[in-house]
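Colleague: Here is how the chains run, residue by residue.
There are 2 protein chains.
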Amino acid sequence: MISKQMQQEIAGSSAIRAMFLEGKEMAKQVGAENVYDFSLGNPMTPVPEQYNQAIIDAVRTENSLELHGYMDNAGYLETRQAVAENLNQRFGTEFEGSHIVMTVGAAGALNVVFKTILDPGDEVLALAPYFGEYRGYVANHQGILREVKPDTATFQPDLEDLQAKITPRTKGLIINNPVNPTGVIYSEATIQNIASILEEKQKEYGHEIYLVSDEPYRELVYDGNTVPFLTKYYDNTFVTYSFSKSLSIPGERIGYIAVSPCMADCSQAVQGLSVANRILGFVNAPSLMQKALVKSMDARTDVDYYDRNRRLIYGKLTELGFTCVKPQGAFYLFIQSPEPEEKKFVEAAKKHHILLVGGSSFSCPGYVRLAYCVSYEMIERSLPAFEKLAEEYRRN
Amino acid sequence: MISKQMQQEIAGSSAIRAMFLEGKEMAKQVGAENVYDFSLGNPMTPVPEQYNQAIIDAVRTENSLELHGYMDNAGYLETRQAVAENLNQRFGTEFEGSHIVMTVGAAGALNVVFKTILDPGDEVLALAPYFGEYRGYVANHQGILREVKPDTATFQPDLEDLQAKITPRTKGLIINNPVNPTGVIYSEATIQNIASILEEKQKEYGHEIYLVSDEPYRELVYDGNTVPFLTKYYDNTFVTYSFSKSLSIPGERIGYIAVSPCMADCSQAVQGLSVANRILGFVNAPSLMQKALVKSMDARTDVDYYDRNRRLIYGKLTELGFTCVKPQGAFYLFIQSPEPEEKKFVEAAKKHHILLVGGSSFSCPGYVRLAYCVSYEMIERSLPAFEKLAEEYRRN
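The listed protein sequences derive, respectively, from chains A and B.
For the first sequence, the positions run 220 to 615 when my numbering is used.
For the second sequence, the positions run 220 to 615 when my numbering is used.
Do not take every clue at face value.
In this list, chains with the same sequence are indistinguishable; a pair is considered to hold if it fits within one copy or across any two.
[Said to hold, decoys possible] Using 16 Å as the maximum straight-line C-alpha spacing, the simulated EDC-like pairs for lysine to aspartate or glutamate come out as follows:
(1) K223 / D341
(2) K422 / E268
(3) K223 / E418
(4) K514 / E244
(5) K607 / D521
(6) K569 / E611
(7) K223 / E342
(8) K223 / E304
(9) K223 / E427
(10) K223 / D338
(11) K223 / D484
(12) K243 / D291
(13) K569 / E244
(14) K562 / E244
(15) K570 / E606
(16) K247 / E538
(17) K223 / E244
(18) K422 / E611
(19) K384 / E315
Rather than coming from a laboratory, the hints here were simulated on the basis of the structure.
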């Protein structure tokens, strides 16, 4: 038998799989075009041509052994410098290549950070609602994840609860901005307040509390919103990033960690990240993708596509009487369940062939997540189903 | 401060880094052409053109969102099937696509296997001399690595010691074939004996003991040697593989796990590997590389190049009176230190600008590893230095 731990993980994963299979079964019965699957957060806008051309150019022109070969575990210096310069131009930061570690996506980056900072029993805080995978990422390195409860009025974090949950064992706070599953952007005021709280607690306990920022949705923002760049507000910050969404390349597994140049023992931290990259088995971020990135750092997928979807579905759902905070970024809506038990609402939606994910997966029961990274046409086709669903709840 | 664990890891890693920096410093002083760096196991033969063409074709012809997108955590079915068919043709096995999980290289594959099979405190055996990274891979998942002592007469495993080291907590045995650092291939008789021992101990303890095979050097074999394919000898086997060496693409991080179709609870094991791929942050093997592999599964780098190096350096060193087992595969020589303390021999070699790695790194003191994945010309240039080194030891 495989490990007891993994048997539990498999059991935990089976709900998502069950939903996936149910969707497939539904498609067989009523036709794929009549199933409205809003359950998956998969990018679906085109990959920028500039990026594909950069791949072909690299394969054609670079020495192929260098192109596909080992490099420093932190990545090619050329790529690290390109990331640093790009951030400096956009955010007025002062990164050098030596502050950047290339990683196997943001999921890889987060595991590398936690491996670097956590000793067994150390605590990491997460602000509910949060991406459920964080639980596994912290547990992988024998850390303990503690939840800060949600403020469902604004979905900005509950700062009082954050303050109360910090203990002498707290080693990190993970922030996702813009937030999956709400689409909210934590404001500059929020970030400043978080920074003050952490500064104070660092002094009180006499050790670093790291801010670990997970920013795969940083470029997916609407209505001229911007996402505060965290190293400008708090020194002990690791910013983790993935190009999965901005370039629509989630399968390629490429991202980075930017370490604040003002972090305590910054160079030791970077060394730790490199070692973690190696011993966790990532070794390095895929080499060809690193090379292609140098020439497509500013390429972007079609963010307007998601925005058009957002306006359609948000407009319609609020018109129908559903309650949800207006998303400023990412590609999710977080809808309040019209009945206390979200599971029943998920089931009711399913009867209309609408697939949603319960908020309990994000430690925020009573809500459901709708991912609008789907085709505009599917949203249009789904609207009558939402009307019927709303009608049902109006009748009851 | 980063974690105490990571501070120790950094201290452990600094020896390799020190050697690297020393080599650079040496190159400055005496010229790069007069430094003979045999310390790194980095592939250096050309990447097959077929593989680069497969990348360009995939970028040109495939839907780019599918090409760079998410797929099942186990990989594209098309790639998994291509791996299965390729193994079946070459080894007479009976894999289906569902028995293959694509991974971020062999290092990723090993971590995924250990995450799947280990509960805290479970033991994994390794046969000395072995690749030092295994210690980290097992420790990552709270397992305990136990060493089986080397048989330095043949460098086949010491089977008596293997038998003695299996306890009720033993969950796995890791085998590297051909072996880094000796270049020895474990023979069919060795494999059959290991299988019998494990079968017997499984019965005695009433639970599975998994054989975890690490085979990045499988294709690098000489003199018509072959490497026994382990699923044919023992049912509870995971074969982990990387294309790093056979295609000279170590930077791309692409490999797989082949799960014996006869493994106990085989489909649960595969499910566990998929979940582990996800929660460890690999998520999936890089997607473009998976697609390119489908069309270059049989491509090979120039193995004869390594063979030519092997014959030159092995011939010369034995002629000079050094003792080492003749390598049958991989690209390493494991040389007996002519004085009891290998560190002194490493230092003596360094005075002649020859860089070698001490056997203690492989849990086999009294030896040094020489990696001959270097240019033929560098080996030629190094021979006078080896002559002087041998001369020194003859005089003493």
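Colleague: Evaluate each hint against the coordinates.
Modeller: Verification of the hints:
Taking the shortest Cα distances, K223 and D341 sit within 16 Å of each other only across copies (11 Å), while inside one copy they are farther apart (23 Å). In this assembly of identical chains, the alpha carbons of K422 and E268 never lie at most 16 Å apart, being 49 Å within a copy and 58 Å across copies at closest. For a Cα distance limit of 16 Å, the shortest separation of K223 from E418 qualifies neither inside one copy, at 40 Å, nor across copies, at 22 Å. Taking the shortest Cα distances, K514 and E244 never come within 16 Å of each other, neither inside one copy (43 Å) nor across copies (33 Å).
Taking identical chains as interchangeable, the C-alpha atoms of K607 and D521 are never at most 16 Å apart, the minima being 32 Å within one chain and 65 Å between chains. Within a single copy, K569 and E611 get their C-alpha atoms as close as 13 Å, which meets the 16 Å cut-off; across copies the closest is 81 Å, which misses it. Within a single copy, K223 and E342 get their C-alpha atoms only as close as 23 Å, which misses the 16 Å cut-off; across copies the closest is 15 Å, which meets it. In this assembly of identical chains, K223 and E304 lie within 16 Å of each other by CA distance neither inside one copy nor across copies; the values are 46 Å within and 32 Å between.
In this homomeric assembly, K223 and E427 come within 16 Å of each other (Cα to Cα) only across copies, at 13 Å, whereas the closest approach inside a single copy is 34 Å. In the homo-oligomer, the alpha carbons of K223 and D338 lie at most 16 Å apart only across protomers (7 Å), although the nearest pairing inside one protomer, at 23 Å, exceeds that limit. For a Cα distance limit of 16 Å, the shortest separation of K223 from D484 across copies, 13 Å, qualifies, whereas the shortest one inside one copy, 38 Å, does not. For a Cα distance limit of 16 Å, the shortest separation of K243 from D291 across copies, 15 Å, qualifies, whereas the shortest one inside one copy, 44 Å, does not.
In this assembly of identical chains, the alpha carbons of K569 and E244 lie at most 16 Å apart only when taken from the same copy (12 Å versus 67 Å across copies). With identical chains, the CA atoms of K562 and E244 are never at most 16 Å apart, being 20 Å at best within one copy and 65 Å at best between copies. In the homo-oligomer, the alpha carbons of K570 and E606 lie at most 16 Å apart inside one protomer (13 Å), although the nearest pairing across protomers, at 81 Å, exceeds that limit. With identical chains, the CA atoms of K247 and E538 are never at most 16 Å apart, being 32 Å at best within one copy and 72 Å at best between copies.
In this assembly of identical chains, K223 and E244 lie within 16 Å of each other by CA distance neither inside one copy nor across copies; the values are 31 Å within and 50 Å between. For a Cα distance limit of 16 Å, the shortest separation of K422 from E611 qualifies neither inside one copy, at 54 Å, nor across copies, at 60 Å. In this assembly of identical chains, K384 and E315 lie within 16 Å of each other by CA distance neither inside one copy nor across copies; the values are 34 Å within and 49 Å between.
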